[in-house]
Amino acid sequence: MEFRRGPTLARRSFLAHAGLVTLGAGASTLVPGRALAAATQPGDVGVIQTALALEHEGIAAYQIAGKSGLLSPGTLKLALVFLGHHQAHRDSLAKLVADAGGKPVEPKTDAQYIEELQLGSLKTEGDVVALATKLERGAASAYIGQIAALSEPKLARLFASISADEAVHWTTLNNAAGTPIPTSAYLFG
Amino acid sequence: MFSHPPSHAWIMLLATSLAQLFCAGNAAAVDPITEGRTLYENKCGGCHSVETNRVGPHHRGVVGRRIASVPDYDYSPALKQLSGVWTPARLDLWLSGTQKLAPGSKMYLALDDADQRQLIIDYLQSISGPGGSK
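Protein chains in written order, with this note's numbering: chain A, 1 to 189; chain B, 1 to 134.
Just to be clear, a hint being listed does not mean it is correct.
Below, a list of computed lysine to aspartate or glutamate pairs in the EDC-like style, where the Cα atoms sit at most 20 Å apart [to be verified]:
1) A:123 to A:110
2) B:100 to B:113
3) B:106 to A:106
4) B:100 to A:152
5) A:108 to A:91
6) B:106 to A:127
7) A:134 to B:51
8) B:106 to B:41
9) A:103 to B:74
10) B:80 to B:41
11) A:108 to B:113
12) A:108 to B:74
13) A:134 to A:115
Hints were generated in silico from the structure; no laboratory data involved.
Construct all of the structure, not just a fragment, from the sequences and the given hints.
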């Protein structure tokens, strides 16, 4: 796949450097311990399930985009880091549901995600970055929106932590795309 | 203070300048549908799309649509129990607190800002009217 010169090269370089900085961040992702799992209230399980569905979608998007051949090595490297973050979020959330006696929501098929996210229409690395930017912003906001529905403060902290991860993803991708940061405050939520 | 009454030319100049300022202000203003779309993408876009079902159902044609009626979307029992259609007033209630309107539904959102709710609903109407519905 041929990419545009100039801005695209700058984006690649930016993403490659960003990748070097964020490599290994997945290892420090907050993993809920038994105390938090034991404290999960039945009413909170539904909120976690919705968040888990969101993580499944993010994982599929990065996995499918990663295999598309559209991403340059630097961008792919970063996509894999973000994928690792989403997998860690998924594992934390699924464990909470299971420990609370629930059945964690399952991912859909790749074919469903391709249709739902219209991944077939992506033609360039820029298209992939634009979609990922949009999804990450929506995810960061969704977590903030869900926090108010949680009854357990430690769960709220976990959701805030995940939202911050998504915000970092959004910021990195948004800068890579060369899109100005919005001038008004409260970017998410 | 004018030592003489202002001339007709001065009055015309002042009026023209004020008119230009007014027009410039209007040009800079973001139209409500665009503002609503931005809000929609930020606050709803994590789970919803206009054209396709995702974590939540698609929104093309949502205003005026029977509740829990999108084909191939797995609604919660809580939402299936609601009757009627999505009117702007119903959507306002929904966005004010989804769990208050349908406890146990899959969506968890309480948007306190009435102006933001209205902008989002205006946008949803814009994709639901004639030519907007599927």
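Hints and how they fare:
This hinted pair checks out: residue 123 of chain A and residue 110 of chain A have alpha carbons roughly 18 Å apart, not beyond 20 Å. Annotation: proposed proximity of residue 100 of chain B to residue 113 of chain B holds, straight-line Cα distance about 16 Å (limit 20 Å). For the hint linking residue 106 of chain B to residue 106 of chain A, the alpha-carbon distance of about 15 Å falls within 20 Å, and the restraint holds. With a C-alpha separation of about 19 Å, the suggested pairing of residue 100 of chain B with residue 152 of chain A holds against the 20 Å cut-off.
Our distance criterion of 20 Å between C-alpha atoms is met by residue 108 of chain A and residue 91 of chain A, whose separation comes to about 16 Å. For the suggested pair residue 106 of chain B and residue 127 of chain A, the alpha carbons sit about 30 Å apart, so the restraint of at most 20 Å is broken. Between residue 134 of chain A and residue 51 of chain B, the direct Cα distance comes to roughly 15 Å. Compliance with the 20 Å bound is thereby established for this hinted pair. Restraint check for residue 106 of chain B and residue 41 of chain B: satisfied, since their Cα atoms lie roughly 19 Å apart, inside the 20 Å limit.
Pair hint residue 103 of chain A plus residue 74 of chain B holds up; C-alpha atoms about 16 Å apart against a cutoff of 20 Å. For the suggested pair residue 80 of chain B and residue 41 of chain B, the alpha carbons sit about 25 Å apart, so the restraint of at most 20 Å is broken. At most 20 Å may separate the alpha-carbon atoms for a hinted pair to count; residue 108 of chain A and residue 113 of chain B exceed this at roughly 34 Å. Of the pairs offered as hints, the one joining residue 108 of chain A and residue 74 of chain B holds, with about 12 Å between alpha carbons and a cut-off of 20 Å not exceeded.
At most 20 Å may separate the alpha-carbon atoms for a hinted pair to count; residue 134 of chain A and residue 115 of chain A meet this at roughly 17 Å.
Of the numbered hints listed earlier, those contradicted by the structure are 6, 10 and 11.
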